[in-house]
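Asks: Chains as they are written, first to last, in this note's numbering: chain B, 79 to 592; chain Z, 409 to 894; chain V, 8 to 151.
Note that these hints are calculated values from the structure, not bench results. Accuracy of the hints is not assured; some may be wrong.
Simulated crosslink set (DSS-like; lysine-lysine; CA at most 27 Å straight-line) [what the hints assert, rightly or not]:
# : chain 1 : residue 1 : chain 2 : residue 2
1 : V       : Lys143    : Z       : Lys564
2 : B       : Lys545    : B       : Lys368
3 : Z       : Lys556    : Z       : Lys503
4 : V       : Lys146    : Z       : Lys503
5 : Z       : Lys503    : Z       : Lys564
6 : Z       : Lys555    : Z       : Lys503
7 : V       : Lys143    : Z       : Lys555
8 : V       : Lys143    : Z       : Lys503
9 : Z       : Lys555    : V       : Lys67
Fair warning: this is a prediction, and the values are worked out from it, not measured in the lab.
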Amino acid sequence: MILLWLIAIPLIGGILAWTAERWSTTAPRWIALAATAVPLVLALTLWDGDPGDFWLAEFETSWIPAAGIDFYLAADGLGLLMVLLTFFLGVLSVGISWNTVPSRPGFFYFNLLLILAGTTGVFTALDLFLFFFCWELMVLPMYFIIGIWGHENRNYAAIKFFIFTQASGLLLLIAILGLHYAHAAETGVQTFRYGELLGTELAPGLGMGLMLGFFVAFAVKLPAFPFHTWLADAHTEAPTAGSLILAGLLLKTGGYGLVRFVVPLFPEESAAFAPVAMALGAIGILYGAKLAFAQTDLKRLIAYTSVSHMGFVLVGVFAWNAWAVQGVVVQMIAHGLSTGALFILAGGIQDRLHTRDLNAMGGFWPQAPCMAALALFFAMASLGLPGLGNFVGEFLILLGSFQVNVVATVLAALGLVGATVYSLWIIQRVFHGEPRESKGLTDLSLREITILGVLAAGLLGLGLYPKPVLHMSEPTVRALHETAPPPGAALATGQPENPVAHAVPPNERVPTDP
Amino acid sequence: MTPSDLQALLPHIVVAATAVAVMLVISFYRNQTVSAVLTVAGLFAAAACLPFVWSAEADAVPPLFRVDPFGCFHIGLLLTASVAVTVFSHSYLEKYRMERGEFYILLLLSVLGALVLTVADHFISFFLGLELLSVSLYVMVAYIFTKKRAVEAGVKYLFLAAATSAFLLFGMALIYAELGTMAFPEIAAELGGGDGLRSPYLLAGTVLVVAGAGFKLSVVPFHMWTPDIYQGAPAPVTAFLATVSKACVVVVLLRFLAAFDSDAVPGLYLALTVVACASMLTGNLLALLQDNIKRILAYSSIAHFGYLLVAFVAGGPAGAMAATFYLVTYFAATLVAFGVVAYLSPSDREADTVADYRGLFWSRPGPAALLSLALFSLVGLPLTGGFMGKFFLVGAGAEARLWTLLLVLAVSSAISIYYYLRVVVAMYSSIEDTPQTRELSEPFAATPPYGNTVGAVQALLALGLLVLGLYPQPVLAMIQSVTRTF
Amino acid sequence: MSAAPYWPFLVYTAMVFILVAGMVIVSSLLGTRHRQRVTGEAYESGMPPTGSARLRLSIKFFLIAILFVIFDLELVFIFAWAISIHELGWPGFWGMLVFVFILAAALVYEWRMGSLDWTERAIERRLGERREAMAKRWKEAEEA
Numbered sequence: 079m080i081l082l083w084l085i086a087i088p089l090i091g092g093i094l095a096w097t098a099e100r101w102s103t104t105a106p107r108w109i110a111l112a113a114t115a116v117p118l119v120l121a122l123t124l125w126d127g128d129p130g131d132f133w134l135a136e137f138e139t140s141w142i143p144a145a146g147i148d149f150y151l152a153a154d155g156l157g158l159l160m161v162l163l164t165f166f167l168g169v170l171s172v173g174i175s176w177n178t179v180p181s182r183p184g185f186f187y188f189n190l191l192l193i194l195a196g197t198t199g200v201f202t203a204l205d206l207f208l209f210f211f212c213w214e215l216m217v218l219p220m221y222f223i224i225g226i227w228g229h230e231n232r233n234y235a236a237i238k239f240f241i242f243t244q245a246s247g248l249l250l251l252i253a254i255l256g257l258h259y260a261h262a263a264e265t266g267v268q269t270f271r272y273g274e275l276l277g278t279e280l281a282p283g284l285g286m287g288l289m290l291g292f293f294v295a296f297a298v299k300l301p302a303f304p305f306h307t308w309l310a311d312a313h314t315e316a317p318t319a320g321s322l323i324l325a326g327l328l329l330k331t332g333g334y335g336l337v338r339f340v341v342p343l344f345p346e347e348s349a350a351f352a353p354v355a356m357a358l359g360a361i362g363i364l365y366g367a368k369l370a371f372a373q374t375d376l377k378r379l380i381a382y383t384s385v386s387h388m389g390f391v392l393v394g395v396f397a398w399n400a401w402a403v404q405g406v407v408v409q410m411i412a413h414g415l416s417t418g419a420l421f422i423l424a425g426g427i428q429d430r431l432h433t434r435d436l437n438a439m440g441g442f443w444p445q446a447p448c449m450a451a452l453a454l455f456f457a458m459a460s461l462g463l464p465g466l467g468n469f470v471g472e473f474l475i476l477l478g479s480f481q482v483n484v485v486a487t488v489l490a491a492l493g494l495v496g497a498t499v500y501s502l503w504i505i506q507r508v509f510h511g512e513p514r515e516s517k518g519l520t521d522l523s524l525r526e527i528t529i530l531g532v533l534a535a536g537l538l539g540l541g542l543y544p545k546p547v548l549h550m551s552e553p554t555v556r557a558l559h560e561t562a563p564p565p566g567a568a569l570a571t572g573q574p575e576n577p578v579a580h581a582v583p584p585n586e587r588v589p590t591d592p
Numbered sequence: 409m410t411p412s413d414l415q416a417l418l419p420h421i422v423v424a425a426t427a428v429a430v431m432l433v434i435s436f437y438r439n440q441t442v443s444a445v446l447t448v449a450g451l452f453a454a455a456a457c458l459p460f461v462w463s464a465e466a467d468a469v470p471p472l473f474r475v476d477p478f479g480c481f482h483i484g485l486l487l488t489a490s491v492a493v494t495v496f497s498h499s500y501l502e503k504y505r506m507e508r509g510e511f512y513i514l515l516l517l518s519v520l521g522a523l524v525l526t527v528a529d530h531f532i533s534f535f536l537g538l539e540l541l542s543v544s545l546y547v548m549v550a551y552i553f554t555k556k557r558a559v560e561a562g563v564k565y566l567f568l569a570a571a572t573s574a575f576l577l578f579g580m581a582l583i584y585a586e587l588g589t590m591a592f593p594e595i596a597a598e599l600g601g602g603d604g605l606r607s608p609y610l611l612a613g614t615v616l617v618v619a620g621a622g623f624k625l626s627v628v629p630f631h632m633w634t635p636d637i638y639q640g641a642p643a644p645v646t647a648f649l650a651t652v653s654k655a656c657v658v659v660v661l662l663r664f665l666a667a668f669d670s671d672a673v674p675g676l677y678l679a680l681t682v683v684a685c686a687s688m689l690t691g692n693l694l695a696l697l698q699d700n701i702k703r704i705l706a707y708s709s710i711a712h713f714g715y716l717l718v719a720f721v722a723g724g725p726a727g728a729m730a731a732t733f734y735l736v737t738y739f740a741a742t743l744v745a746f747g748v749v750a751y752l753s754p755s756d757r758e759a760d761t762v763a764d765y766r767g768l769f770w771s772r773p774g775p776a777a778l779l780s781l782a783l784f785s786l787v788g789l790p791l792t793g794g795f796m797g798k799f800f801l802v803g804a805g806a807e808a809r810l811w812t813l814l815l816v817l818a819v820s821s822a823i824s825i826y827y828y829l830r831v832v833v834a835m836y837s838s839i840e841d842t843p844q845t846r847e848l849s850e851p852f853a854a855t856p857p858y859g860n861t862v863g864a865v866q867a868l869l870a871l872g873l874l875v876l877g878l879y880p881q882p883v884l885a886m887i888q889s890v891t892r893t894f
Numbered sequence: 008m009s010a011a012p013y014w015p016f017l018v019y020t021a022m023v024f025i026l027v028a029g030m031v032i033v034s035s036l037l038g039t040r041h042r043q044r045v046t047g048e049a050y051e052s053g054m055p056p057t058g059s060a061r062l063r064l065s066i067k068f069f070l071i072a073i074l075f076v077i078f079d080l081e082l083v084f085i086f087a088w089a090i091s092i093h094e095l096g097w098p099g100f101w102g103m104l105v106f107v108f109i110l111a112a113a114l115v116y117e118w119r120m121g122s123l124d125w126t127e128r129a130i131e132r133r134l135g136e137r138r139e140a141m142a143k144r145w146k147e148a149e150e151a
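Given these sequences and hints, build the entire structure.
Replies: Written as structure tokens, this is what we have:
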């Protein structure tokens with residue numbers, strides 16, 4: 079029942095915020111804050127549960143029995159982590175847009191909350207139809223946020239975003255239905271249940287086609303090379319809260335989909351496809367880093383770092399052993415926090431200077447010391463400084479993938495060098511060097527410092543003591559590996575579950591050792 | 409003619425009687441509101457007869473008609489849409505200083521034609537219904553004869569539809585010459601032997617009949633008339649053309665094609681596949697080039713009937729179910745969209761260029777929200793009925809493993825997003841972006857505030873769209889029960 | 008089905024074409040041609056024509072003609088019914104009664120619309136009435 083409320087509260091709050099706009103310009107944001115904070119607290123109450131006990135929370139009711147569709151929500155450790163991230167960033171995005179929405183704040187918060195509801199649905203739906211429904215539900219409000227409150231080139235960016243996600247969404251739809259009917263033909267049961275569709279026998283060609291349908295949809299959202307071209311435009315033109323949600327949540331739905339659906343539903347096809355996917359991931363890491371370095375637009379630069387970081391996720395998912403998948407989970411959370419923070423900083427600079435052009439920036443440190451210090455912190459996180467969350471994620475991914483594909487791992491590791499270059503490049507261009515014209519540049523407000531401080535604390539906590547997170551996601555990873563054995567397990571004689579059992583101790587050791 | 413036959417045909421009789429009644433009323437008391445109210449009352453009365461018809465035994469009134477639950481469902485759908493069109497027409501025609509009552513006679517007659525088509529089980533009733541529908545439509549399209557475009561559209565429609573009727577008749581004649589029967593069940597029995605379209609006459613006849621139906625559905629390559637006529641016709645008539653006059657042909661075609669086994673006549677299904685692909689791509693690509701909302705919707709309807717053909721090719725109960733459900737959602741969305749256009753149009757022109765809609769969301773949030781909802785449903789976004797419609801369509805295709813068609817569907821609907829969004833972008837662009845503030849305010853200044861009957865009808869339709877998108881189970885179960893026989 | 012039974016039809020079609028083409032060609036080859044002052048006139052060698060051949064008929068004639076054609080065509084159905092009246096029995100009778108009633112309604116409509124008015128005065132009077140009624144309604148509508 080809690081899960082239903084997690085979706086319903088943002089929806090109801092969104093409608094309330096929209097209607098409240100008529101009476102007051104401040105009411106919508108208070109409603110939005112409540113509609114994100116309450117679910118956050120509700121979701122935290124689930125933290126007490128034992129993640130090994132499936133599921134932490136469930137909700138089920140009949141929806142469209144005529145087509146075998148149920149309204150089935152369930153959260154395990156992985157789902158809960160993602161839901162917590164959703165509402166954590168949700169609260170922050172309401173905070174960051176507190177008094178910067180120029181027009182129609184009620185409609186803005188309506189869209190924002192609708193995205194959060196859709197994202198929560200994506201992370202908890204275990205009926206594939208419901209999953210797809212929520213998956214599509216996220217797109218339209220994001221379109222509005224970019225298209226109405228975005229920057230100068232917003233229409234182009236919004237439409238590009240929309241077309242990319244819709245086209246890939248249709249492929250996903252075809253693949254889901256293909257799987258559904260393959261399952262129905264095999265067992266005679268019409269269902270979209272994830273649990274029942276697992277292990278469906280598929281003809282080789284069909285299985286590959288369906289897997290690619292899922293993969294492309296998630297790779298576009300992730301975004302993986304070569305489907306990343308929408309990302310830079312969307313991020314650049316979106317308002318700050320939009321960029322935060324986009325980078326922090328929407329990209330994660332892609333990674334989540336890969337972990338939850340692509341590999342478990344199509345284990346053999348994924349194994350066959352793994353070298354290609356890992357190569358795409360490695361290319362994304364290097365190419366994203368290179369593109370980031372070449373940008374003169376601050377938000378565009380940060381956007382391309384996302385391509386680079388999410389390349390790690392792709393490599394990790396298709397390495398598919400316990401280290402790599404745990405790393406993927408950590409990497410997704412850490413990237414959500416660190417890149418979100420960088421977008422907040424970039425948005426703050428743009429609000430003050432009305433430009434994102436790096437050539438017009440420089441030497442801002444003395445004028446905005448707090449901003450500079452926090453920017454340095456998040457740049458360090460982004461380049462993978464040990465002790466911060468990103469390091470744990472990337473390290474675990476590399477550790478896992480090294481056992482599967484050495485070449486891809488080496489290439490991916492080179493990406494860390496690139497990350498260092500572009501992260502320091504941001505600091506160098508914006509805060510060091512010749513002081514530029516900076517009229518109107520004030521330091522961060524208390525509100526912004528609080529938000530960034532919370533994000534920094536989160537990253538630090540994740541970097542120094544990731545055990546709660548790993549503990550939360552570990553049973554999920556183990557369960558997923560039971561349906562789709564990791565690559566080494568098939569060869570290892572008789573002990574398919576051992577890698578998981580061993581997975582926890584090294585995880586504990588590694589990151590606490592700065 | 410037995411009493412049970414009459415009972416089965418009650419909706420038709422009621423609609424026909426209403427047409428005569430409206431004519432008599434106009435003769436003595438000319439008032440457009442009275443005519444419209446009478447029309448709506450007649451349509452409701454016809455719908456109220458449906459429960460009696462439904463209970464009538466299947467296969468009623470052979471050989472011309474077959475009043476089965478499937479037909480009844482569509483009668484209900486068509487009547488509902490006709491009520492909406494009547495309401496839109498009333499407010500639209502109020503803007504013109506001309507004789508307006510006769511419009512409702514024509515409307516009722518074409519509804520009658522459409523209703524005949526939904527239960528047609530024989531070439532004779534097929535043709536009768538089609539002609540009754542078309543002949544009234546010629547006049548309705550050109551009803552605002554003070555507008556050049558409307559007259560042009562009417563004449564075009566007359567010529568093209570008449571030519572199509574000739575093709576259709578020729579096709580029927582060929583089939584009759586070969587099989588010696590014009591009743592669908594007997595044709596099905598004749599073709600059930602397994603040797604399919606065994607002679608060139610039969611093949612030619614079938615192709616001609618399908619082409620005649622394809623003209624009404626405006627699928628490629630019979631689509632040329634659509635944009636001009638959609639643009640020229642008064643907006644409520646366009647709504648009628650886009651919904652009622654197409655749906656009834658879909659029903660006939662479903663019945664007719666149900667006679668053909670896809671394995672027995674691979675050529676026919678290949679042709680349908682090609683037509684479907686061509687319609688989806690052509691419709692969506694050409695819509696990209698348009699600046700006129702009615703033309704955009706015209707091309708989009710070409711594409712949508714291309715999507716619908718996927719269900720035809722898939723066939724079987726799943727195909728019929730998907731086609732029917734898609735029709736329902738398409739009806740609601742299209743009626744809302746054209747309803748908004750009709751409502752916003754001033755008396756000197758149609759409010760149909762994209763520029764007219766700039767900033768509409770900020771100046772008139774009601775109509776803008778409705779139009780957005782309709783467009784999103786046409787795109788197939790969740791929360792709207794269009795999403796479910798597309799879902800079941802793709803489901804039917806996936807079940808029949810029509811991967812090529814589905815890929816074309818995916819690609820072309822991705823293309824379609826662009827032109828739908830252009831309208832949406834215009835509506836949500838802020839007013840300071842718009843240089844033509846004159847155009848913005850002028851068409852809308854003349855229209856009465858929302859909240860009248862039109863608003864209520866549109867709100868109901870929009871509510872229906874949302875219900876179809878969120879909880880389609882009741883409608884779906886009903887459709888499943890009526891399409892079980894396919 | 009083979010094409011065999013159709014060959015006489017094809018021959019017939021071909022003969023039609025040959026005959027018509029032959030008549031045109033032969034007469035154009037054999038015919039005499041001359042071009043003189045009165046060649047093009049209606050009665051070459053007769054009385055010179057006066058006035059225009061285009062007579063202006065009142066639109067009323069056409070209207071009546073169209074109405075006649077419509078009702079005349081309906082008569083076809085009544086003939087068909089009359090021939091098979093025994094087979095159709097009472098249901099046929101009621102059906103025909105409905106049909107005739109609809110025709111009568113249409114006639115009433117025409118009468119009230121003024122399609123049957125013949126004299127200028129009657130037409131003017133009815134048009135005037137309708138214009139007045141219209142103006143009144145629109146005035147009411149504008150006030151409301």
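Asks: For each hint, tell me whether it holds in the structure or not.
Replies: Structure-based check of each hint:
no.	hint	result
1	Lys143(V) x Lys564(Z)	36 Å, violated
2	Lys545(B) x Lys368(B)	33 Å, violated
3	Lys556(Z) x Lys503(Z)	17 Å, holds
4	Lys146(V) x Lys503(Z)	13 Å, holds
5	Lys503(Z) x Lys564(Z)	25 Å, holds
6	Lys555(Z) x Lys503(Z)	13 Å, holds
7	Lys143(V) x Lys555(Z)	24 Å, holds
8	Lys143(V) x Lys503(Z)	16 Å, holds
9	Lys555(Z) x Lys67(V)	26 Å, holds
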